[in-house]
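Quick note, the sequences are listed as chains S and X, same order.
Using the numbering used here, read the first sequence as starting at 1 and increasing by one per residue.
Using the numbering used here, read the second sequence as starting at 1001 and increasing by one per residue.
Just so you know, these hints were derived from the structure itself, not from any lab.
There may be inaccurate statements among the hints.
[Stated by the list, open to error] Derived BS3-like pairs (lysine-lysine); straight-line CA-CA distance at most 30 Å:
1) X:1070 / S:123
2) X:1141 / X:1114
3) S:2 / X:1147
4) S:15 / X:1177
5) S:187 / S:73
6) X:1177 / S:123
7) S:12 / X:1051
8) X:1068 / S:102
As the structure is a prediction and not an experimental result, all values here were calculated from the model.
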Amino acid sequence: MKIQELHREAVKLAKEAQSEFDNENIIEYQNLILKAYELEKTAAEFLKTNFESEPTRSVLYRSAATLAFKSGKHTEAIDLITQALQGNPFNEIKAELLHLLKETVGVKSQSFKKNDYLDLLNKKAVSIKLEEKTGKYAGAFVIPHVVDFLRNLNQSYQNYAEALFVNEVDKESLPDFEHSLSDFKSKSNLLGSHTSFNSFGINISAENSLMDHFNVYTKEFKEMKENLFNEFKSDVLYSDYEDLAFQERISKKFDDEKRRKIFQPILNLMAKSKGYKISITDNEFKEKIKEFKAPNNTVRQALAPVEKKEEIPVDLETNLTRKIEQSTGNKTKTIFAENIQYFEQNYTLTGLESENKRIYFNEHHIILLIFQNNYYSIDDDIYQISVSNKDFDGILELYNKTFITRFIAMISNKKNLSVEENELLEQYQNTTMRDW
Amino acid sequence: MNLSLEDLKDAMIYFSQVQCQGLTENCIVALEEIPHSTGCELQVSGLHTGKISLDWSTVVNKNGYKEKKKYTEKGAEALSFFLAMKYTEFDIVEESIISTGVDYWLGYGEKHEKHDPLNFIKARLEISGILKETPTNSFKKRIEEKKKQTKASDNTGLPAYVSIIEFSNLKGHISKK
Chain S
1 MKIQELHREA VKLAKEAQSE FDNENIIEYQ NLILKAYELE KTAAEFLKTN FESEPTRSVL
61 YRSAATLAFK SGKHTEAIDL ITQALQGNPF NEIKAELLHL LKETVGVKSQ SFKKNDYLDL
121 LNKKAVSIKL EEKTGKYAGA FVIPHVVDFL RNLNQSYQNY AEALFVNEVD KESLPDFEHS
181 LSDFKSKSNL LGSHTSFNSF GINISAENSL MDHFNVYTKE FKEMKENLFN EFKSDVLYSD
241 YEDLAFQERI SKKFDDEKRR KIFQPILNLM AKSKGYKISI TDNEFKEKIK EFKAPNNTVR
301 QALAPVEKKE EIPVDLETNL TRKIEQSTGN KTKTIFAENI QYFEQNYTLT GLESENKRIY
361 FNEHHIILLI FQNNYYSIDD DIYQISVSNK DFDGILELYN KTFITRFIAM ISNKKNLSVE
421 ENELLEQYQN TTMRDW
Chain X
1001 MNLSLEDLKD AMIYFSQVQC QGLTENCIVA LEEIPHSTGC ELQVSGLHTG KISLDWSTVV
1061 NKNGYKEKKK YTEKGAEALS FFLAMKYTEF DIVEESIIST GVDYWLGYGE KHEKHDPLNF
1121 IKARLEISGI LKETPTNSFK KRIEEKKKQT KASDNTGLPA YVSIIEFSNL KGHISKK
């Protein structure tokens, strides 16, 4: 391809990227801006030693550096600017290159990352602050408190996503509703886009376009996905829990079980017994907009009503029990038993199987199984699989099925995969053997 | 001289037809906002002095064109492209990618004898649009501002052209910085 054609194609992709950014389609934006960068860089590098080709040479290098900066590739951006300056750029372009260099170096040396994607997340984020109640840590915070807070908040969000999915998506519109629901829930994770360490403050956001669903793309699903975080903010974070009108509205929107799953983790965070207090603040973590107060019984009953035992079959409840038993001869008696709220265990896999298809790992693969709030869950970052289930056998079966289904979907949809999805497919292919 | 605004899509061979049609529509919206109608005359100054009759037939659905600043800017781009192609030696107008906005570049077309595939960008085109001039934001003042920005002529500056379009009194200016 000629230099001008490469450049023209890069400009076209950059414009498409901007359009996706304006529509908050971040994953598409990132893919396009990266492709635009690769093309513009190739065009610029054709003129690497053509120092007399000004202004074209420095204009192309400046464009490529700008795209590198937008892609978060700050080192590459600096390198491209340096290449441009080694030529003979016109003064105007040189001034622009130096300005871009200053901006890039400034961003690179900051303690936090800055790029268009994070800016967009921060724009719609909620700023939440944790403060230790005792004050004895003089502004420092207890790490387990932060972990507890983030885990419960994320749990609430996942349950909210699940509830909204069930409410808004027609079961008949999907070939495997339960699988899609589980997949959607597991991928609905909050993102922390900016933190402050004066007490503990974090910007919480969510990016639903990050979720890829190879077999789900109905209009109602798309609309639900786009509104998910905004509705979560409105219903769970900003609402006044003591307001009777809110309680009535949310009771109509979600049934008892869904409300319990959504709000119980939040009510847990607000309990008097917690060693920290939570507030929503302005984006500098200074002015408090809302403080989460310990819930009274009316709030608890409205938002997380106690399960009516006679309505829920016992075999649907999942409890983990730790027992200490004494054995004397043939007689065994339980000395101590406790229900476990949280449990985690590593499992080593050599392979897996689902629906007569088998995968063998080239090297043993370790997954972490977690039990919490009556659910088992597996979050596998390497193969990007997140599943949850109430049953121990069920979770492993679901993991196996999700792994193989996903692998098959990526292979059959290879032409339409994004850059990141292609990298994931390579990971699957390079680390496993399959028998189909 | 006559200029049909719809001809932009055929004149700009390196831009997509869709984009050119968009620019044309923005220009029509800006003109009709004043309101001007087809056959109105653009008074040109700078590299050329004279009048150009502007014609159009497209009926634009204006529901999508509510932001004045945007259609003024895009409308000015459309007319500036015509002026640049007509009154400079260059006939390529293309966009570049910068962090703060958009630049347009001029160069020789691929069929031109001076075309250099290794140095196809020759000059910058800076475009400015005013919907309705005011005493503090007048056409004349904008030209003067652009001229002040020019560094002392020492042949080391980037070749650049300035185009300013004012819609209410229908004035256009194109000159080399």
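Comparing the hints with the structure gives:
| no. | hint | verdict |
| --- | --- | --- |
| 1 | X:1070 / S:123 | 23 Å, holds |
| 2 | X:1141 / X:1114 | 36 Å, violated |
| 3 | S:2 / X:1147 | 36 Å, violated |
| 4 | S:15 / X:1177 | 28 Å, holds |
| 5 | S:187 / S:73 | 26 Å, holds |
| 6 | X:1177 / S:123 | 40 Å, violated |
| 7 | S:12 / X:1051 | 34 Å, violated |
| 8 | X:1068 / S:102 | 34 Å, violated |
Violation of the numbered hints given earlier is confined to hints 2, 3, 6, 7 and 8; the remaining hints are satisfied by the structure.
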